[in-house]
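Numbering (our numbering), first residue to last: 1 to 527.
Calculated from the structure, these hints are not laboratory results. In this text, all values refer to a predicted model and were calculated from it rather than measured experimentally. Among these hints, one or two may not hold up.
[Claimed, not checked] What follows is a list of derived Cβ distance ranges for each label pair:
{"hint": "1", "residue 1": "E413", "residue 2": "T148", "range": "43 to 51 angstroms"}
{"hint": "2", "residue 1": "R254", "residue 2": "T479", "range": "33 to 41 angstroms"}
{"hint": "3", "residue 1": "P288", "residue 2": "A227", "range": "45 to 53 angstroms"}
{"hint": "4", "residue 1": "L514", "residue 2": "T486", "range": "44 to 52 angstroms"}
{"hint": "5", "residue 1": "S334", "residue 2": "G294", "range": "19 to 27 angstroms"}
{"hint": "6", "residue 1": "R233", "residue 2": "L513", "range": "33 to 41 angstroms"}
We put the CB at the ideal spot given by N, CA and C, even for glycine.
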Amino acid sequence: MIRARDPGARAWPLAADVVAVLVAGGLHALAFAPNDAPWLQTLTVALLAWRVAAGASAARAALLGLLFSTAWLVGGVWWLYISMHRYGGLPAWMAASAVLALCAFLSLYLAAAMAAWVRLRSGRVALDALSFAALWLLAEWARGAIFTGFPWIAAGYAHSDGPLAALAPWVGVYGIGAVSAGLAAVAAGALSGAARGTTSRWRWRLRLAFAFVAWWAPAFAVSVAPAAFEFSRSNGSLSVALVQTNVPQDEKFRVERQPEAIDWMLRALTGAQAELVVLPETAIPLLPEQLPAGFLDSLAARFSEGSRSALVGLPLGEIAKNEYTNSAAGLSASASTLAGGFYRYDKHHLVPFGEFIPFGFRWFVDAMKMPLGDFTRGPLVAPSFEVGAQRVAPNICYEDLFGEELAARFVDEARAPTILANLSNIAWFGDTVAIDQHLQISRLRSLELQRPMIRATNTGATVAIDHRGRVTQQIAPHTRGVLEATVEGRVGTTPYAAWAGRFGLWPLVAAALLAIAFAAAAGRRRG
């Protein structure tokens, strides 16, 4: 028999539960960068699990899941309001409503997961924790995959500096989030039983101790057997110069502003003595035919001899064909022999509303005064840009949220990237936590794939990250300058890169479904 309600959890008035989960969801948002509080992430999910378990209906569980997730997302991505209001020209009420509507829509996945959990619960802590973790994983996977996905501040990112970070090269960010959720459910079950006196003192203390020890166990395992968590090895070093342009978003496309900004970028590009110079996304905001005649050819010629190379963010395409790509051009002596005279990377994972317009939303985009449109996507598996002994794999802005897509470049180990390079421009979101959050996302990619990540951005964070996810060098956000650093390229494939590169996130989804089936069957047998 499946019991929906936890007899060890006291029922509260609905209003009290609503307030509790809204506060918990808001606190959950604070667990991410720049606060970096992994313990808070697990604790707030434990509070959600406790209150959902106390309810008797799936409808109430769905409501609590919806409110928790909406508060979490609004508290984490409120900066979308800036892009729509300040730069897009939407009225304040419309921009705020759009952010709230988006967050509420994306929260439907967790609402469905909580409703399902109430139906699956057996009252046995281990089985309930297993099903809670599996349903949490499915909810986060759905948010990160359906309708092109929006996985920003997925739960696992809060653990980039925590004990569970050691799991990244094995199960990735979604696996970390699921483990945290499962341990939160164990803690919630233990405390619930203790509060109501339905569980013996030694048993609930043992369960709580298990959750605490298991939460710290991955970090302890790394300290005891570091070789078991090291899947990559050195491939030599590369000197890099990462250019931070700091062009305000409302000036980026002004004709009168562009000559000075481009002139400064060219001096930074050609003056740096590093082996690789990287400019951010759309550092040159014009199509080739909008630039002075011979501009790109002249620029490529400066790198056609010697050992210096450059990656430059710019749009490519032709106005007459109405086909554009958000691209990075690689300039080097070897690239000068390619078609067009340079290496080319075209962004694959495009941003909804920013780089393509979802069906039925043309009216919304037209209401904003932004230079937006429909871009053409590049291939999923693109060749790397070869710089000496290193294979540098560009990704542009939002793309580094999708670790499974970056992992696809690791299937052929002989051609796998040795260094990841993120070219970004999130000036759309002003001086907000979006910069810190995006840096945290890049760090998690380095942990999953055990590759250094260099980031050249417009307003920040321009940094060098090593293969262990540590920021080794950085430049202050919202300043103009060049960060010179040395990064160590790496070869070798992590378990995460091996399975995610071949199968995407489907192995995790299958594991979650099997866990749910097992928990349901075991609960019925023992009920």
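To see whether the hints hold, each was checked on the structure:
Checked against the hint of 43 to 51 angstroms, the pair E413 and T148 fails, with Cβ atoms roughly 29 angstroms apart. Look at R254 against T479: about 21 angstroms separates their beta carbons, and that is not inside 33 to 41 angstroms. For the pair P288 and A227, the beta carbons lie near 49 angstroms from each other, so the given range of 45 to 53 angstroms is met. Distance hint check: the CB atoms of L514 and T486 are about 45 angstroms apart, consistent with the given range 44 to 52 angstroms.
For S334 and G294, the Cβ-Cβ distance of about 22 angstroms falls inside the hinted range of 19 to 27 angstroms, so the restraint holds. About 36 angstroms separates the C-beta atoms of R233 and L513, a value consistent with the hinted range of 33 to 41 angstroms.
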